[in-house]
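**Student:** Sequence:
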Amino acid sequence: MLKTNNEPSAEQVELCTMHGIRKSFDGNAVLKDVDFELCAGEVHALVGENGAGKTTLMNVLAGVHQPDSGSIRLRGPAPVTIPDEKSAQELGIAIVFQERSLFAQLSIAENIFAARQPVKSLGRIDRKTLRENAHSLLLRTGLDADPEQAVETLSPAQQQLVEIAKALSLNPAIVIFDEPTSSLTERETHRLFEVIRQLRSDGVGVIYITHRLREVFQIADRVTVLKDGEGQGTMRVAATNSHDLVRRMVGRSLELRHQDAVAAGNPILLEVRNLSDPSTAPKSLLRNISFNARRGEILGFAGLAGAGRTELALAMFGARALGAGEIFVAGKQIVIHSPREAIAAGLGYVPEDRKDGGLFLDMTVAENIASASLRRFGQFWLRDREQMHAAMQFEHSLRIVCRTPRQPVQSLSGGNQQKVALAKWLLVNPTVLIVDEPTRGVDVGAKAEVHHMLYKLSRRGTAVVVISSDLPEILDVSDRIYVMREGTISGELSRHDATEEAVMRLASLTPH
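In the working numbering, the protein residues as written are 1 to 512.
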């Protein structure tokens, strides 16, 4: 492990010290002699590529996994054993998991205090106290919701805030946040940071796992880097920068900037005219959308949550009914009623949730890569050798980390799953590719590689449409940017004129 000057200040009290932690699964070493410490009143960020061991290390601390060797000390010199999650909670450790752990049909209050509900005499649940306690926790997170409301009626972002309230209900000394902002808006993220700062002021130790390096510099005091299950150093955030963190995370510097802007004279490959939802639709949103994308261009779509970007993508790909409008691909008007017709017309689509529509999770890496090009590998039966050969080429060229292309895609990390979802369309080589949230939940190394894949497609001549809520990403990859607001396009920005301020102004204000 790299040694760095990372000693806590004299007035800080050590809450947790993990030393020499090792953990293997099926003979595969995931953690290799990892050290980690946390002080009271500190936010300690934990970063690294997918598969680096971040979540596994925190699962050891939270009692989800048992270490093969190493020691854990909590507020004292004696090592402790944390055999399960309940024991971790009793020791003052709470974790907000990246994956939801809520009961959809139960109320917010029932989820927050699951198995810990206040009771009256004769063991009856004290509904009044339950509601009041839940309400006070919701106020801390900034979630304006009725504690008796069913969790299934909440948005993913609101459910994440319930997860946070659930962790706070334990009155913990240590709170672990695992990718807490992946489904939050900017406003909700800002509120979360206020909660974390208050926890820090109260003397709580916060461990913050994130792929978003920007957040490390916004909220953390110290940062520890993991790479391939090994510690790569711990340093004070004020004494480092994003380039140093990236170098430690991936072992190389990354060039994230896009090539020169596409010439305005390139032929238009995608043109959308006056596209609208049916006026009778219960959730009518899209209104008179018109835009175009040129050959070799990466066209960005920005906007706030609910602006209609995903709905637009689904409509173009035949997965959402249209009320009006025309779509032209390579100068030819097309009529699309289904994704099958969209693919036949030269369109490809990677949805925002790769696990819900982007991949066949029970199928292998090779089968997923071939899934949009089946006729290429045979009409009546698939030529397995050719399919495997194509998959192995992408495994090598895109650095897809897997044991074999016959491995189920669901066993891959998020970044590698996203590479498989994109490799499917690299094989097809569509005229137009629409990619919704291409790097959500992937680490900085995989993010750069996904961007490189988009550039590779554009250099082939594909028109690439990128939808992203990550403003730095949109600004970095796009040749032009359309900004949406409330189902309409509120403005267009050239690469030269595009700034975060300009995008947010168009996204949040009524255009003049």
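Hint data in this document are derived by calculation from the structure and do not stem from the laboratory.
Possibly wrong hints are sitting among the right ones.
[What the hints assert, rightly or not] Once the Cα atoms are required to be at most 30 Å apart in a straight line, the calculated DSBU-like pairs of lysine-lysine come out as: (1) LYS227 with LYS456; (2) LYS120 with LYS86; (3) LYS332 with LYS32; (4) LYS424 with LYS332; (5) LYS456 with LYS332; (6) LYS86 with LYS128; (7) LYS456 with LYS424; (8) LYS227 with LYS424; (9) LYS120 with LYS32.
**Student:** Starting from LYS227, check that the Cα of LYS424 is at most 30 Å away, please.
**Tutor:** The hint holds at about 28 Å.
**Student:** Are LYS456 and LYS424 close enough, with their CA atoms no more than 30 Å apart?
**Tutor:** Cα-Cα ~14 Å, so holds.
**Student:** LYS332 and LYS32 were given as a pair; does the straight-line alpha-carbon distance stay at or below 30 Å?
**Tutor:** Given pair LYS332, LYS32 is violated - Cα atoms ~57 Å apart, limit 30 Å.
**Student:** Below or equal to 30 Å on CA atoms is what counts here, so check LYS86 against LYS128.
**Tutor:** holds (26 Å)
**Student:** Within 30 Å, alpha carbon to alpha carbon, are LYS424 and LYS332?
**Tutor:** Satisfied, since the Cα-Cα distance of roughly 25 Å is no more than 30 Å.
**Student:** Is LYS120 within 30 Å of LYS86, Cα to Cα?
**Tutor:** Measuring from Cα to Cα gives roughly 24 Å; hence the hint holds.
**Student:** Between LYS227 and LYS456, does the CA-CA distance stay at or below 30 Å?
**Tutor:** With a Cα-Cα distance of about 27 Å, the restraint between LYS227 and LYS456 holds, given a limit of 30 Å.
**Student:** Does LYS332 lie within 30 Å of LYS456 when you go C-alpha to C-alpha?
**Tutor:** OK: LYS456 and LYS332 at ~25 Å, within 30 Å.
**Student:** When you check the alpha-carbon spacing of LYS120 and LYS32, does it fall within 30 Å?
**Tutor:** Violated: LYS120 and LYS32 sit about 49 Å apart, past 30 Å.
In this structure, the hints that do not hold are numbers 3, 9, in rising order.
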